[in-house]
Amino acid sequence: VGTGTGRVLLSGHMDTVFKADDEFQQLVVGPDGSLRGPGVIDMKGGIVVMLNALRALDAQGLLTDANLTVVLNSDEEIGSLGSRPLLERLAAEHDLGLVFEGSMDNRLVRSRKGLGQVRLRVAGRESHAGSAHEEGVSANLELAHKVIAIESLTDYSKDLTVNVGVMSGGEKRNTVPGCAEAYVDLRFPSVEAGHALVEEIREIVSVPSSTYADYPGLPRTELWVNLHRPVKPPDTRVDELIAEAIGLSQLIGEPIDGTRYSGGGTDGSITQAVGLPTLDTLGLDGEGAHSSREKTSLRSFLARTKLAAIMIGRSLNN
1 VGTGTGRVLL SGHMDTVFKA DDEFQQLVVG PDGSLRGPGV IDMKGGIVVM LNALRALDAQ
61 GLLTDANLTV VLNSDEEIGS LGSRPLLERL AAEHDLGLVF EGSMDNRLVR SRKGLGQVRL
121 RVAGRESHAG SAHEEGVSAN LELAHKVIAI ESLTDYSKDL TVNVGVMSGG EKRNTVPGCA
181 EAYVDLRFPS VEAGHALVEE IREIVSVPSS TYADYPGLPR TELWVNLHRP VKPPDTRVDE
241 LIAEAIGLSQ LIGEPIDGTR YSGGGTDGSI TQAVGLPTLD TLGLDGEGAH SSREKTSLRS
301 FLARTKLAAI MIGRSLNN
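Under our numbering, the first residue of the sequence shown is numbered 1, with each subsequent residue one higher.
By construction, these hints were calculated from the structure, which means they are not laboratory data.
All C-beta atoms, glycine included, are put in the ideal place defined by N, C-alpha and C.
Incorrect hints may appear among the rest.
[What the hints assert, rightly or not] Here are the computed distance ranges between Cβ atoms for each label pair:
1) L223 x K172: 21 to 31 Å
2) R173 x R121: 13 to 23 Å
3) S34 x P216: 17 to 27 Å
4) K19 x G253: 10 to 20 Å
5) S210 x V70: 12 to 22 Å
6) P234 x D185: 37 to 47 Å
7) R121 x Y156: 24 to 34 Å
8) V166 x Q25: 18 to 28 Å
9) G253 x G82: 38 to 48 Å
[Unchecked claim] In silico lysine-lysine, BS3-like type, Cα no more than 27 Å apart, as pairs:
10) K19 x K295
11) K172 x K158
12) K19 x K172
Model the full assembly from the supplied sequences, consistent with the hints where possible.
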């Protein structure tokens with residue numbers, strides 16, 4: 001912490017959605033200057049942009065008295081459930097937040113949906129699949145009914161999406177499964193819409209799809225819910241930052257095309273929710289996030305590093 005007039009919080013995350021044994025593991029630089037690999041835009045590439053911008057500023061002696069904090073967390077893709085208290089505390093100690101998430105279509109994000117996550121855990125009754133099938137209560141079957149009902153809550157006209165991303169159930173092919181679970185992703189445009197969505201899911205969970213007179217209370221579904229990312233609405237202070245970034249991009253010679261509304265999550269939603277104006281798409285521009293198609297370019301890397309260096313430098317002296 002220095003004596004500079006602007007207190008700036010730079011943040012990003014180190015984790016990606018790819019497991020250690022995923023086939024998509026290496027950075028590949030194409031002959032056309034493309035960059036392909038896990039996290040090139042979401043958001044290891046953004047971390048590289050941030051660090052190189054800071055190196056450039058430091059080489060010019062511009063960080064000597066900087067009032068600057070850098071925080072990199074490793075749980076953003078699962079909701080920043082552990083790092084959220086730290087992010088909120090740091091947000092309260094700064095005047096401006098810059099997050100180095102990537103962008104799409106060469107547009108900066110102006111506002112974002114809220115995010116939530118749900119876990120369903122179904123209890124049934126195990127039994128032999130052949131000689132005593134009628135004595136079993138299939139947790140898999142119950143979960144299947146729940147998944148179909150919950151997925152039907154997606155409504156693009158209302159900017160609501162529900163995605164059952166992970167399912168598992170049973171342990172053996174020849175046994176009626178006694179347990180099953182699923183993890184669900186929620187995206188919603190307002191706080192009210194998020195809570196209404198949760199209530200609809202609670203209603204679905206509360207009513208079993210089948211009843212068993214011999215086994216009262218089964219199947220039974222337990223529900224865990226966490227609305228972990230607040231909605232990030234438009235903010236006049238962030239609009240000023242976006243206008244500054246777009247203007248600077250034109251001077252650099254790599255003009256940004258404008259703004260967009262995003263369903264993607266970011267820690268910028270957390271920091272802005274507690275009062276810190278936060279611009280959250282200063283990382284690399286690209287496409288294919290969360291898939292093996294994830295890519296960006298060396299051109300974007302150079303352009304966004306230049307922009308980040310100027311934005312950080314100006315922010316430290318405001």
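Outcome of the hint check:
| no. | hint | in the structure |
| --- | --- | --- |
| 1 | L223 x K172: 21 to 31 Å | holds, 26 Å |
| 2 | R173 x R121: 13 to 23 Å | holds, 21 Å |
| 3 | S34 x P216: 17 to 27 Å | violated, 60 Å |
| 4 | K19 x G253: 10 to 20 Å | violated, 39 Å |
| 5 | S210 x V70: 12 to 22 Å | violated, 54 Å |
| 6 | P234 x D185: 37 to 47 Å | violated, 24 Å |
| 7 | R121 x Y156: 24 to 34 Å | holds, 29 Å |
| 8 | V166 x Q25: 18 to 28 Å | holds, 21 Å |
| 9 | G253 x G82: 38 to 48 Å | holds, 41 Å |
| 10 | K19 x K295 | holds, 18 Å |
| 11 | K172 x K158 | violated, 41 Å |
| 12 | K19 x K172 | holds, 25 Å |
Going through the hint list in order, the structure does not satisfy hints 3, 4, 5, 6, 11.
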